[in-house]
Every structure is written in structure tokens, then in C-alpha cells.
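Participant: Sequence:
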Amino acid sequence: MKKMDGIRRWIILGIGLFLFGCATRGDVQILDREVERLYSQQNTIRKEKDSLKNEVTTLRTDLETENKKLQADLNAETKRLQADLLLRLETLQSEVRTLSTGIEEYRELFKRPSKDMERVREDVASRIRILEEKNKAQEDRAKLVEEKMKEIEGRLKGLEGKIDRLASKQVEMERWTSTKEASAEGKGLGTGTGDLYKDAYETFQKGDLEGARRKFEAFLKQYPNTELSDNAQFWIGETYYLKKDFEKAILEYEKAIAKYPEGDKIPAALFKQALAFLELGDKTNGRNLLKRVIERYPHSEQAEMAKKKLETVK
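Our numbering numbers the first residue of the sequence shown as 211 and each following residue consecutively.
Simulated from the structure, these hints should not be mistaken for lab results. Treat the hints loosely; a few may be bogus.
Unchecked claim - Calculated cross-link-like contacts (lysine-lysine; reagent style DSBU-like; alpha-carbon spacing at most 35 Å):
{"id": "1", "residue 1": "K289", "residue 2": "K257"}
{"id": "2", "residue 1": "K416", "residue 2": "K431"}
{"id": "3", "residue 1": "K346", "residue 2": "K408"}
{"id": "4", "residue 1": "K517", "residue 2": "K408"}
{"id": "5", "residue 1": "K431", "residue 2": "K458"}
{"id": "6", "residue 1": "K360", "residue 2": "K458"}
{"id": "7", "residue 1": "K360", "residue 2": "K346"}
{"id": "8", "residue 1": "K360", "residue 2": "K524"}
{"id": "9", "residue 1": "K416", "residue 2": "K353"}
{"id": "10", "residue 1": "K469", "residue 2": "K519"}
{"id": "11", "residue 1": "K360", "residue 2": "K416"}
{"id": "12", "residue 1": "K517", "residue 2": "K501"}
{"id": "13", "residue 1": "K431", "residue 2": "K360"}
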């Protein structure tokens with residue numbers, strides 16, 4: 211390459227001398243500029259050539275690095291596959307050994323004398339008999355449970371009948387009370403007295419507990435000692451009981467018991483006091499009052515209801 215450059219220079223020099231001899235000064239200047247341009251192009255080509263050499267060197271280095279990396283990855287993957295194949299081979303060999311052992315055990319089992327086989331059969335038959343006996347025992351227990359359930363259902367039906375009868379008796383008692391209260395108007399009580407009490411009682415039956423209480427209290431304030439006064443005091447207790455204000459209900463029932471000891475509402479007041487105490491969780495006072503109703507008023511409707519209630523209080 212250097213040799214070629216030297217030849218080019220001598221040719222250019224000869225042409226320049228030739229032209230110098232027969233060319234003008236302007237032509238020489240043009241020729242110089244052309245020579246300079248050629249030198250510049252030559253330098254540019256040389257630089258591009260060097261750049262290409264560098265790029266080729268870089269690419270070659272990158273290729274060698276990538277080739278080494280791929281070779282390392284290939285070696286690692288090959289080793290991993292070899293280890294995986296070895297592990298699978300060992301697993302298969304272990305399974306084959308296990309199957310072989312099982313086959314040998316079955317062969318030994320079939321080679322045993324018939325007595326051993328008969329013993330195995332007897333053992334199996336014995337276990338089956340035990341299972342059958344257990345199943346039979348469970349069936350018997352299920353039958354007993356079913357019979358007890360039927361018995362309980364019968365008792366419940368009996369209790370429902372008794373409840374219905376007691377409810378009927380309660381209705382009859384209320385009717386009797388209503389009749390007694392209505393008839394009390396003519397027993398020394400004025401028409402205004404009977405009307406006032408009747409209005410309060412009808413208000414109670416309509417469910418207006420607050421209004422009934424106010425009217426019963428107004429009746430007692432005006433007529434504190436009549437045949438209907440104990441009834442009025444009892445119904446005041448009922449308005450609190452139905453409102454679930456059991457503490458006030460107990461106090462109002464107590465007023466009916468204390469103020470009117472000869473009144474016919476005493477058994478009912480004692481019984482409802484007992485129920486109110488039970489609602490408050492005071493079983494001791496509740497049981498004691500139920501027993502008092504039974505002992506003091508054994509022939510009353512409340513005594514019968516107290517007996518039933520005692521059976522449910524534990």
C-alpha cells in the first residue's frame with residue numbers, strides 16, 4: 211500500500227512538472243487544489259478503513275465472548291439433564307425393586323400351606339361377624355331412639371292438650387270475671403262507679419295499657435274500697451306485666467294482696483307475682499310464691515297452673 215502511494219506521488223509530480231512547463235499560473239493553482247482534494251479523500255478513505263478494522267475487531271471479540279457464554283450454558287444444561295436422567299433412572303430402579311419384592315411376597319403367600327389360608331379366611335369371617343353385630347346393635351339403638359322419640363311426641367301432644375284445656379279454663383275464668391265485674395254494678399255501687407270501672411276494663415281489653423292504667427288509677431282514687439277495687443288494683447299490675455316491666459308489676463300485685471286481703475284476686479296476684487320473679491331470673495322467690503298459691507288456695511285455677519309451672523322450673 212505504501213509503494214502504491216509513492217508511485218502515485220511521482221506520477222502527480224511528473225504531470226505537475228510537465229504542466230508547469232506549458233501551463234499558466236492559474237492552471238497550476240487549479241492543479242494544486244485538485245491535488246489537495248485527492249490527498250484529503252485519501253486521508254478520509256484511510257480513516258474509514260481504520261474504523262472498519264476496529265469494528266471488525268470489536269465484532270470478533272463479541273463473537274468470541276458470546277460463543278464462550280453459549281458454550282458454558284450448554285455445558286451447564288447438559289450436566290443438569292444428565293443429573294435429572296440419573297435421578298429418574300434411580301427412581302425407576304427403586305420402583306422395579308419394590309414391585310419385585312411385592313411379587314415375591316405374593317408368591318410366598320400362595321406357597322403357604324392351606325391351613326394358613328384357612329386361618330386368614332376365618333379371621334376375615336370373624337371380623338365380618340363383629341361388624342355385623344355392631345351394625346345390629348346400632349340398629350337396635352336407632353329403634354330405641356325412635357321409640358323414645360314417639361314417646362316424647364306423645365307426651366308433647368298430652369302437654370299440648372293440657373295447655374289447651376288450661377287456656378280454655380283461663381278464657382272461662384276471664385268470662386266469669388267479666389260477668390262478675392259487670393254484675394257488681396248493682397251491688398251497692400252507683401251507675402257512675404260501674405261505668406267508670408267498665409270503661410277502664412274495656413280499654414284494657416282493647417290493648418291500650420297506658421290508658422287502662424290511668425283509668426284504673428282514677429277509679430281507685432275515687433272508689434278505693436268497693437267490691438271492684440281489688441280487681442282494679444290487680445289490672446294495674448297486669449298493665450305493667452304485659453309491658454314487661456316486671457318489677458313494677460310485682461309492686462302493684464303486692465298492693466292488691468296487702469290492701470284487699472279478702473278479695474278474690476289474691477290467688478291470681480300471687481301467681482302473677484311468681485311469674486314476674488321468674489322472668490327476672492329470681493327462681494327462689496318464684497318457686498316459693500307458686501308453692502304458696504298451691505298451699506293457701508288449693509282449689510283455685512291458679513293452684514293448678516302453679517303445679518304445672520313448678521314442673522318446668524329447675
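Participant: Honestly, which of those hints from before does the structure not fit?
Facilitator: 1, 3, 6, 9, 11 and 13
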